[in-house]
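Participant: Chains A and B, in that order, are what the protein sequence lines are.
In this text, residue positions in the first sequence follow our numbering: the first is 33, and each later residue adds one.
In this text, residue positions in the second sequence follow our numbering: the first is 33, and each later residue adds one.
Bear in mind the hints are in silico, worked out from the structure with no lab data behind them.
Any given hint could be a false lead.
One copy or two, it doesn't matter: identical chains are merged, so the pair holds either way.
Calculated pairs, DSS-like style, for lysine-lysine (alpha carbon to alpha carbon, straight line, at most 27 angstroms) [unchecked claim]:
hint : residue 1 : residue 2
1    : Lys154    : Lys177
2    : Lys285    : Lys154
3    : Lys177    : Lys285
4    : Lys198    : Lys243
5    : Lys265    : Lys250
6    : Lys285    : Lys243
7    : Lys155    : Lys265
8    : Lys183    : Lys90
9    : Lys265    : Lys154
10   : Lys177    : Lys243
11   : Lys198    : Lys63
12   : Lys243    : Lys73
13   : Lys285    : Lys155
Number of protein chains: 2
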Amino acid sequence: MFKIPDHQVAGHQASNGMMGPVVDDSGLFFKPLQKDERGSKEVAFYESLASNIDVPDKIRAYFPTFHGTQLIPASDGSGLHPHLVLQDLVSSYKNPSIMDIKIGSRTWYPQASEEYIQRCFKKDRETSSLALGFRLSGLQVHVSKEAGYWKPDRKCFQNSSAEIVKNVLKKFVSSNISADSDAGDLDFDCAFAPSVYGGSNGILAQLLELKSWFEDQKFYHFYSCSVLMVWDKEPNAAAAIKLVDFAHVVDSKGAIDHNFLGGLCSLIKFISEILTDPHACPNNLALIAIRTAMAIALIGEPEY
Amino acid sequence: MFKIPDHQVAGHQASNGMMGPVVDDSGLFFKPLQKDERGSKEVAFYESLASNIDVPDKIRAYFPTFHGTQLIPASDGSGLHPHLVLQDLVSSYKNPSIMDIKIGSRTWYPQASEEYIQRCFKKDRETSSLALGFRLSGLQVHVSKEAGYWKPDRKCFQNSSAEIVKNVLKKFVSSNISADSDAGDLDFDCAFAPSVYGGSNGILAQLLELKSWFEDQKFYHFYSCSVLMVWDKEPNAAAAIKLVDFAHVVDSKGAIDHNFLGGLCSLIKFISEILTDPHACPNNLALIAIRTAMAIALIGEPEY
Numbered sequence: 033m034f035k036i037p038d039h040q041v042a043g044h045q046a047s048n049g050m051m052g053p054v055v056d057d058s059g060l061f062f063k064p065l066q067k068d069e070r071g072s073k074e075v076a077f078y079e080s081l082a083s084n085i086d087v088p089d090k091i092r093a094y095f096p097t098f099h100g101t102q103l104i105p106a107s108d109g110s111g112l113h114p115h116l117v118l119q120d121l122v123s124s125y126k127n128p129s130i131m132d133i134k135i136g137s138r139t140w141y142p143q144a145s146e147e148y149i150q151r152c153f154k155k156d157r158e159t160s161s162l163a164l165g166f167r168l169s170g171l172q173v174h175v176s177k178e179a180g181y182w183k184p185d186r187k188c189f190q191n192s193s194a195e196i197v198k199n200v201l202k203k204f205v206s207s208n209i210s211a212d213s214d215a216g217d218l219d220f221d222c223a224f225a226p227s228v229y230g231g232s233n234g235i236l237a238q239l240l241e242l243k244s245w246f247e248d249q250k251f252y253h254f255y256s257c258s259v260l261m262v263w264d265k266e267p268n269a270a271a272a273i274k275l276v277d278f279a280h281v282v283d284s285k286g287a288i289d290h291n292f293l294g295g296l297c298s299l300i301k302f303i304s305e306i307l308t309d310p311h312a313c314p315n316n317l318a319l320i321a322i323r324t325a326m327a328i329a330l331i332g333e334p335e336y
Numbered sequence: 033m034f035k036i037p038d039h040q041v042a043g044h045q046a047s048n049g050m051m052g053p054v055v056d057d058s059g060l061f062f063k064p065l066q067k068d069e070r071g072s073k074e075v076a077f078y079e080s081l082a083s084n085i086d087v088p089d090k091i092r093a094y095f096p097t098f099h100g101t102q103l104i105p106a107s108d109g110s111g112l113h114p115h116l117v118l119q120d121l122v123s124s125y126k127n128p129s130i131m132d133i134k135i136g137s138r139t140w141y142p143q144a145s146e147e148y149i150q151r152c153f154k155k156d157r158e159t160s161s162l163a164l165g166f167r168l169s170g171l172q173v174h175v176s177k178e179a180g181y182w183k184p185d186r187k188c189f190q191n192s193s194a195e196i197v198k199n200v201l202k203k204f205v206s207s208n209i210s211a212d213s214d215a216g217d218l219d220f221d222c223a224f225a226p227s228v229y230g231g232s233n234g235i236l237a238q239l240l241e242l243k244s245w246f247e248d249q250k251f252y253h254f255y256s257c258s259v260l261m262v263w264d265k266e267p268n269a270a271a272a273i274k275l276v277d278f279a280h281v282v283d284s285k286g287a288i289d290h291n292f293l294g295g296l297c298s299l300i301k302f303i304s305e306i307l308t309d310p311h312a313c314p315n316n317l318a319l320i321a322i323r324t325a326m327a328i329a330l331i332g333e334p335e336y
């Protein structure tokens with residue numbers, strides 16, 4: 033009835049007898065409550081969000097649906113354990129390509145313990161968080177039915193330079209990829225960039241909608257929270273972003289979440305450059321069409 | 033010929049025999065080069081900006097005009113010393129109200145020395161930088177010809193809560209103020225908010241234009257840099273913002289300046305709330321008119 037998820041790319045995983053999330057057949061994702069205050073804080077956030085009538089529905093859709101908590105058998109065989117019951121974000125995709133991006137140059141909040149702050153501070157400096165405003169926490173890219181997935185160890189990517197991150201974001205939406213190549217060694221074609229990143233419902237449009245909310249909202253500050261990007265080559269599988277991991281959400285104390293917003297804007301710039309920079313994937317005709325349309329919108333129709 | 037500026041609100045000041053900036057009668061501001069690498073780094077930034085043809089003119093106007101460097105007598109009487117020669121930003125104002133706001137939740141850059149990082153890190157945590165994404169570095173508000181200026185010690189404000197910062201930003205544009213009151217004790221009328229913060233050329237519009245550039249530019253990361261806001265009750269003195277202090281500008285390494293951008297968005301939210309929140313200065317008729325116009329723009333004309 034409960035099984036280990038097929039497509040988890042980051043976070044604690046139920047394998048080798050460890051406690052981790054499980055899914056069922058009906059599209060639910062069961063995340064074990066962490067035993068320290070993180071578990072209760074994540075529940076408190078989901079309950080606050082559920083009752084916050086000032087969060088617009090279109091923004092609420094970027095969070096996993098919350099179905100309360102439930103005692104179910106823990107994946108490590110230790111007996112009943114309380115779990116968050118959430119929407120399984122990837123159950124509707126057949127071969128999902130997934131990227132988990134931890135947003136913010138700072139993953140710690142002022143009220144945390146000194147020990148926790150120092151640990152996060154060190155990690156933020158060692159990874160790309162400090163330089164780029166985010167770090168890649170995990171990813172898988174579907175290559176083909178035969179080759180399966182490219183699923184690099186996150187240690188290979190969370191300390192990446194801007195150049196490497198850009199290449200990973202290109203590889204995420206390219207067709208000329210293999211499961212064993214890294215992200216630095218090919219001129220990726222970005223064949224799926226127009227449909228996945230672009231368009232009025234694509235990932236860039238969704239990120240921009242989320243950004244508008246973050247420019248305004250003063251309810252929550254999200255630390256160590258991720259944007260999950262998911263898509264699939266199946267014709268009816270829409271590309272989507274979701275926010276995940278809320279064990280470190282704190283009250284805003286009257287200011288917007290400038291830390292999350294800054295990192296989000298940095299990610300947006302990376303993705304929008306893939307769509308607009310004429311030097312990125314110069315042979316992709318669909319991208320050239322998008323760029324031409326954007327240039328015309330900016331400077332007006334050419335006179336013939 | 034050279035004299036100590038009348039209206040400096042932050043930074044090293046030429047008083048008590050210390051070396052500090054001086055001005056002349058022609059509208060120039062002479063800033064002594066700091067003796068360590070900060071001086072040469074600030075010159076290098078101004079030279080880079082001057083030759084960077086990809087910075088739009090409308091954005092360049094937010095920086096002080098740069099006239100090279102010059103050996104002039106230091107204000108501390110120690111003889112000739114190299115100075116940056118810059119536009120005097122307040123020479124065209126008669127009774128300027130000025131606020132110096134250091135932008136960014138983090139004032140240190142990854143390449144700095146460990147000792148410098150730890151010192152800034154401590155200060156960012158002790159002040160409002162961490163919580164709000166900026167801190168008030170200094171300010172003066174013109175009260176009246178008789179009463180002069182309200183010029184609080186910056187120690188009173190750089191550790192402020194969101195509530196206090198909002199009140200300071202209200203007091204900055206109010207007529208019912210005194211020189212000795214603090215910012216917490218009055219219901220300020222925000223009489224000048226529509227003309228100073230609002231309007232198509234007001235401070236909010238300028239901050240939004242700067243924000244657009246920061247969402248895009250990947251030339252510079254600005255650490256420990258301030259936004260200076262200046263205005264004057266004189267009829268022909270336009271409210272203006274300028275960026276100042278570039279001793280800690282570093283290369284972007286391929287990402288936008290998410291740290292500066294996040295703090296700038298936070299400041300923008302504070303100022304836009306003064307213009308739009310119906311609970312802020314509810315008796316200010318000009319503000320009510322602005323809010324009504326914005327509501328109509330959002331939801332359409334009411335039907336009578």
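Participant: Hint by hint, note whether the structure agrees.
Facilitator: Results of checking the hints against the structure:
For the identical chains of this complex, lysine 154 and lysine 177 are neighbours neither inside a copy (40 angstroms) nor across copies (53 angstroms), given an alpha-carbon limit of 27 angstroms. Taking the shortest alpha-carbon separations for lysine 285 and lysine 154, both the intra-copy value of 26 angstroms and the inter-copy value of 20 angstroms come in at or below 27 angstroms. For the identical chains of this complex, lysine 177 and lysine 285 are neighbours neither inside a copy (49 angstroms) nor across copies (37 angstroms), given an alpha-carbon limit of 27 angstroms. Both within a single protomer and between protomers do lysine 198 and lysine 243 lie at most 27 angstroms apart by alpha-carbon distance, with minima of 20 angstroms and 23 angstroms respectively.
Taking identical chains as interchangeable, the C-alpha atoms of lysine 265 and lysine 250 are never at most 27 angstroms apart, the minima being 37 angstroms within one chain and 33 angstroms between chains. In this homomeric assembly, lysine 285 and lysine 243 come within 27 angstroms of each other (Cα to Cα) both inside a single copy, at 19 angstroms, and across copies, at 23 angstroms. Taking identical chains as interchangeable, the C-alpha atoms of lysine 155 and lysine 265 are never at most 27 angstroms apart, the minima being 35 angstroms within one chain and 50 angstroms between chains. Taking the shortest alpha-carbon separations for lysine 183 and lysine 90, neither the intra-copy value of 31 angstroms nor the inter-copy value of 45 angstroms comes in at or below 27 angstroms.
For a Cα distance limit of 27 angstroms, the shortest separation of lysine 265 from lysine 154 qualifies neither inside one copy, at 38 angstroms, nor across copies, at 49 angstroms. Proximity of lysine 177 to lysine 243 under the C-alpha cut-off of 27 angstroms is found in neither arrangement, the shortest distances being 35 angstroms within a copy and 45 angstroms between copies. In this assembly of identical chains, lysine 198 and lysine 63 lie within 27 angstroms of each other by CA distance neither inside one copy nor across copies; the values are 31 angstroms within and 40 angstroms between. With identical chains, the CA atoms of lysine 243 and lysine 73 are at most 27 angstroms apart within one copy only, with a shortest distance of 24 angstroms there and 33 angstroms across copies.
When the C-alpha separation of lysine 285 and lysine 155 is checked against a cutoff of 27 angstroms, the pair qualifies both within a copy, at 26 angstroms, and between copies, at 19 angstroms.
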